[in-house]
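Colleague: So the chains spell out like this:
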Amino acid sequence: MHWFNWLVVIVYLAWVVVDGIRKSKGTDTIAGYFAANKSLSWWVVGLSVMATQLSAVTMIGTTGQGATDGLRFVQLYFGLPLAMVILGVTLVPLLHGSGVYTAYEYLERRFDAKTRSLTAFLFLLSRGMSCGTIIAAPGVVFSAIFGIPLAWSVALIGIPTIIYTMIGGVQAVAWADVKQMVLIVVALLAIVVVLMFQMPVNPHDALQIAGSTGRLKTFDFSFTVNETYTFWSGVIGGTFLMLSYFGTDQSQVQRYLTARSVDEARSSLLMSAYWKIPLQALVLLVGVGVFVYYQFVQPPLLFNPAHEEAVLAEQAPTYAALQTRYGEAFTLRESAALTVAAADGDTQAAMDEFLAREADIQAIRGEALALAEDVTGETSRDVNYIIPRFVLSELPLGLAGLFIAGVIAAAMSSIAAELNSLATTSVIDFYRRWVEPEATDAHYLTVSRGATILWGTFACIVATYAATLGSLIEVVNRFGSFFYGSILGVFLLAMIPRARGTGAFVGLIAGMATVAAVTFGAPSVSFLWHNVIGAVVVLFVGLSIGRLGSTTADA
Amino acid sequence: MTEVESSPEAAKRRFRSTLTKVLVVQAAALAMLGLLQLLYS
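Protein sequence lines, in the order shown, are assigned to chains C and X.
Using this note's numbering, the final residue of the first sequence is 555, and nothing's skipped along the way.
Using this note's numbering, the final residue of the second sequence is 41, and nothing's skipped along the way.
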């Protein structure tokens, strides 16, 4: 990358850290450090909520998915607006009004200590490991693109984030999120503008080409629990997923606990309700635009430069033969694409020809990917390299740096929220609850900063060894999906007056066991439906044994 | 929280009005995506 692009990245990183430290004012109490003294405006919290959810994977993986698969991924978010409205009238007033620092703290007030500790432990377990993968995803891509060791790219993302999160607490995280969200949107819009100027065909023709390959197909109304990206999976499963994520996951709950009032907390969530689908559509459309652009400008056969290098070193003649075939096929497809663009009225014959040439290209690419997998022994995730390669080769000087800074921003905002919520849960739900209940704020702050450093270091280590820990991380992530919906079920129970602590605890275990049984017994069922199953089982079991156990209900 | 905020009727009204606004905005966004699909797929 050109030195000027690096300068843009470094200036941005320095700004985030320095401003994060400046924003640490007033965070010398636990109310300030964990909840920003409930002083933030709805728009700050709203942008923080959106930035937390939008990770680096969205910037590089989802845009790449738009290029290879089109718009249908957006259906995953169809349940989000409804979930936000439901949370605004249910959990948000409950949690914000109760003066808790963590969502799990509320569960002890409503049920008992064991339900609180189990849900908090499950959160630490899943989020602790996923934090490593959030750094690893862009880290691996940067490492391959820039040819630097993985540890360096992990450090580039992880260390500044740990510094401002550790010093400034949730307030610094929220304000950094605001900057990061603005940068992310600007970076995406910059690509759109560049694509519009550099696209060799007009927008109508570009849409015609994208549409002919099915990439503009958003809606799939088929009802099948085995498919993740359908309208019904998105609306039903997606609603439960978003209710779980925004309503019970401390990394999100902590954002809106910092709002000035319940109404401002609600408004902050509604910002996502209004903007998430359009933003996600923009992310995917960027990918679709890059796909069309690459109809006229020959892209590399393998987008991952590290894989390309490895293949060239070990299988040069085979790869050279593939590249020759690829070059010929590309010329034919380009000509077919131009015919589609030039055709007026009946374009079916031109489209059929174009689709046949596109299939040729995909076949050759498939051979190259298989070759790369053979040589490197790694699963090819070439889709994650499409956008970074495009950005570095096609974007003007400065804008490429801006986009890379945007990807780092997206990673940092998600990681900061994770570290902050992991430290909060460790201190509030375990240290203060079980180890040292009567210490001073200064003591808890010191412990919290230590916890942030520990979780940050742990995340960086996991990220650095992501390749070797691959299967372990997958197991933990899979385990995480067992209890997401079940935890939602516990919070839903909390809103039902006759529910009791033992019912909630047993229900939670029953919910997780059922989801585990479905995962292994019927692996084809999409993960979106796991959330529905978990929540429903917890509600059913919890209410069935609702009369057992004791309650310390204050609700 | 004020009395008005905690009144169930006021909460119900706010919920309905917000739900309507969010649904209208989302319907517009989805209609645009649907239009793209209809015209070009």
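These aren't lab readings, by the way, just hints derived from the structure by calculation.
Misleading hints may appear alongside valid ones.
As the list claims (entries may be wrong) - Short, incomplete list of chain X residues facing chain C, as computed with Cβ under 10 Å:
1. 19
2. 26
3. 37
C-beta atoms are modelled at their ideal positions from N, C-alpha and C, and glycine is treated no differently.
Colleague: Now, for every hint given, state plainly whether the structure supports it.
Modeller: Tested hints:
no.: 1; hint: 19; verdict: 5 Å, holds
no.: 2; hint: 26; verdict: 5 Å, holds
no.: 3; hint: 37; verdict: 5 Å, holds
Violated hints: none; the structure is consistent with every hint.
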